[in-house]
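Novice: Residue-level listing of the chains:
2 protein chains.
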Amino acid sequence: MTGARKRVGVLISGRGSNLQALLDASVDPQFPAEIALVISNRAGAYGLERARAAGVATTTISHKDYPDRDSFDGAIDAALRGAGCEIVCLAGFMRIFTPGFVNRWPNRILNIHPSLLPSFTGLHVQRRAIEAGATIAGCTVHIVTPDLDSGPILAQAAVPVLPDDTEDSLSARILEQEHRLYPAALAWLAEGRVRIDGNRALVNGASASGVLLSPCP
Amino acid sequence: MTGARKRVGVLISGRGSNLQALLDASVDPQFPAEIALVISNRAGAYGLERARAAGVATTTISHKDYPDRDSFDGAIDAALRGAGCEIVCLAGFMRIFTPGFVNRWPNRILNIHPSLLPSFTGLHVQRRAIEAGATIAGCTVHIVTPDLDSGPILAQAAVPVLPDDTEDSLSARILEQEHRLYPAALAWLAEGRVRIDGNRALVNGASASGVLLSPCP
Chain A
1 MTGARKRVGV LISGRGSNLQ ALLDASVDPQ FPAEIALVIS NRAGAYGLER ARAAGVATTT
61 ISHKDYPDRD SFDGAIDAAL RGAGCEIVCL AGFMRIFTPG FVNRWPNRIL NIHPSLLPSF
121 TGLHVQRRAI EAGATIAGCT VHIVTPDLDS GPILAQAAVP VLPDDTEDSL SARILEQEHR
181 LYPAALAWLA EGRVRIDGNR ALVNGASASG VLLSPCP
Chain B
1001 MTGARKRVGV LISGRGSNLQ ALLDASVDPQ FPAEIALVIS NRAGAYGLER ARAAGVATTT
1061 ISHKDYPDRD SFDGAIDAAL RGAGCEIVCL AGFMRIFTPG FVNRWPNRIL NIHPSLLPSF
1121 TGLHVQRRAI EAGATIAGCT VHIVTPDLDS GPILAQAAVP VLPDDTEDSL SARILEQEHR
1181 LYPAALAWLA EGRVRIDGNR ALVNGASASG VLLSPCP
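Those protein sequence lines, which keep their order, are chains A and B. Each residue of the first sequence is one higher than the one before, starting from 1 at the first, in the numbering used here. Each residue of the second sequence is one higher than the one before, starting from 1001 at the first, in the numbering used here.
Note that these hints are calculated values from the structure, not bench results. Backbone N, C-alpha and C fix where the C-beta goes; we use that ideal spot for every residue, glycine too. Watch out, some of these pointers could steer you wrong.
[Claimed, not checked] Derived contacts from chain B toward chain A, CB cut-off under 7 Å, selection only:
(1) 1025
(2) 1081
(3) 1082
(4) 1116
(5) 1119
(6) 1132
(7) 1135
(8) 1136
(9) 1152
(10) 1156
(11) 1158
(12) 1199
(13) 1202
[Claimed, not checked] Each pair of labels, with its calculated beta carbon distance range:
(14) B:1193 to A:29: 33 to 43 Å
(15) B:1104 to A:195: 47 to 57 Å
(16) B:1053 to A:131: 49 to 59 Å
(17) A:57 to B:1146: 49 to 59 Å
(18) B:1094 to A:49: 53 to 63 Å
[Said to hold, decoys possible] Chain A is nowhere near these chain B residues, computed Cβ spacing over 10 Å in every case:
(19) 1007
(20) 1020
(21) 1063
(22) 1105
(23) 1124
(24) 1146
(25) 1198
(26) 1200
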C-alpha cells in the first residue's frame, strides 16, 4: 500500500455486525482504510460498544434532536468532517439522507443491502426473496445516490435460498457474505480503484472482483 | 428410475440451444423425460434441424396462419396432446400464451429465462443487467403462469458479470449455465418431486437443488 489510509466514518443504528467486519479488516495496517468515527442515531446501539472496544471514537446524533432532516444531516456532515473522514460507510443505518447530504459526498458513501439489487429494494428483503420463491439471494455493496438502493453497484455476493429457510436463517447466511463483501468493496474505493461510468461502477485491475459466489459445491 | 419417462414437447422459435441441452440429457435412458415433439412457430428455425438429427418428431405451427391467439394456442395444444405430451418446455419460444392455454397445462409448462428473476423480466435482460451495473447475473427455470416471467421458480444459476462484458459475452456465459440448469429442472418436474406452495416451487428431497453457482473461485 502506498499513501495514507483513508479515514472512514461508519453510520449505524443497531447491532453493527457489518461495522465489526470493517473494524476487523482495518486492524491490518495494510488495509487501505481506517475507521475514524462511528456515529449512531440511537444512543443504545450495540455497535457503539463494538467501536469503543476497538478504540474508535463514537458519537450519538439522534434524529429526534433535530427539527428536520436537513439539520440532522448537517450535524452528521459536521461530525464526519470534524473527524477528517473521506469515506462514509452505512452499516444498518436506518435513516434516509437528503439529496443535499448525498451530493456533498459524491461517490464517497457506501451502503450494504441484503439483496441482489436491483431485486428487492427497501425493507424486509430477505423475507420477500423467500416469498418470491427465489432460489438465489445475496447482498450488494453500492454507492449511495439520492435514489434509494439504486446507486452504482460495487460488489455482490450470491447465496442459495434453501427449501426450509426462514427469514432469520436466510438473513444469517446473507450476513456472512456481507461481512466478506463490505471490507473488500471499501478497500477498492479507498485504493482509488473505482471508476463510475453512468450508473456502473468499474473496479480497475480486478476482473470479476465484484463477485463472491458462496458456498461452492 | 421407476415408471415411464414423461413425454415432453419443446417449443422453439430459433436456434434451439436449450433444446439441444434437453435432447442431449434425454439420450440417457435414466433421464426421466423424453422429447416427444418439437414445435416451432418459425419454419426455418435451426432448432428443427437439431430435433430431426436426434430423431425427434417436429412440426411448424406459424402464428401467421391463425386469425388470433386463441386459435394459434389451440393448434399448439392439439399438437402437444396428439403427441401424448405431459410436460411443455419453452426454449426460446417468442410467443406469449393466452391464460386459457396456460391454465390447460397447470404447473406443466417450464420456461428458462436469462436473468435472476425477479430481476429483469421481459426482453434484452442481459444488456439490461450490464446497464444496471449488476456484478452477478444468471438464469432461472420457472413454471409458466399467465403472468409473464413470474411463475414459481424451480432453479436458478448465478454467473459473474465481468467489467468488459458485452451483451454477447454475458449472454454466452449465462447460456452455458442455462444448458446445465434446464435439464436438471425438467428432471425434477418429470420425477414428480416438485410441489407448488403459493408462488413457491419446492423440490422434495433436494436441499439447495435449485441452485447452481458458477464458476467457483
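Novice: If a hint holds in the structure, say so; if it does not, say that too.
Specialist: Going through the hints against the structure:
1. 1025: violated (19 Å)
2. 1081: violated (29 Å)
3. 1082: For residue 1082 of chain B, the interface hint is violated, since the closest Cβ of chain A sits about 33 Å away, which is over 7 Å.
4. 1116: It holds, given that the least Cβ distance between residue 1116 of chain B and chain A is near 6 Å, below 7 Å.
5. 1119: Check passed: Cβ of residue 1119 of chain B comes within 4 Å of chain A, closer than 7 Å.
6. 1132: Hint on residue 1132 of chain B: holds, closest Cβ of chain A at ~5 Å, below 7 Å.
7. 1135: holds (3 Å)
8. 1136: holds (4 Å)
9. 1152: holds (5 Å)
10. 1156: Residue 1156 of chain B check passes; min Cβ-Cβ to chain A is 4 Å, inside 7 Å.
11. 1158: holds (4 Å)
12. 1199: Status holds, d = 5 Å.
13. 1202: holds (5 Å)
14. B:1193 to A:29: 33 to 43 Å: violated (53 Å)
15. B:1104 to A:195: 47 to 57 Å: For residue 1104 of chain B and residue 195 of chain A the Cβ distance comes to about 52 Å; the hint holds.
16. B:1053 to A:131: 49 to 59 Å: violated (43 Å)
17. A:57 to B:1146: 49 to 59 Å: With Cβ atoms ~57 Å apart, the hint holds.
18. B:1094 to A:49: 53 to 63 Å: holds (58 Å)
19. 1007: Given that every Cβ of chain A is farther than 10 Å from that of residue 1007 of chain B, nearest at about 27 Å, it holds.
20. 1020: holds (24 Å)
21. 1063: holds (30 Å)
22. 1105: With a cut-off of 10 Å, residue 1105 of chain B remains clear of chain A, as the shortest Cβ separation is near 19 Å.
23. 1124: At about 15 Å from chain A, residue 1124 of chain B clears the 10 Å cut-off, so the statement holds.
24. 1146: Residue 1146 of chain B is indeed farther than 10 Å from all Cβ atoms of chain A, at 16 Å.
25. 1198: violated (8 Å)
26. 1200: violated (4 Å)
Violation of the numbered hints given earlier is confined to hints 1, 2, 3, 14, 16, 25 and 26; the remaining hints are satisfied by the structure.
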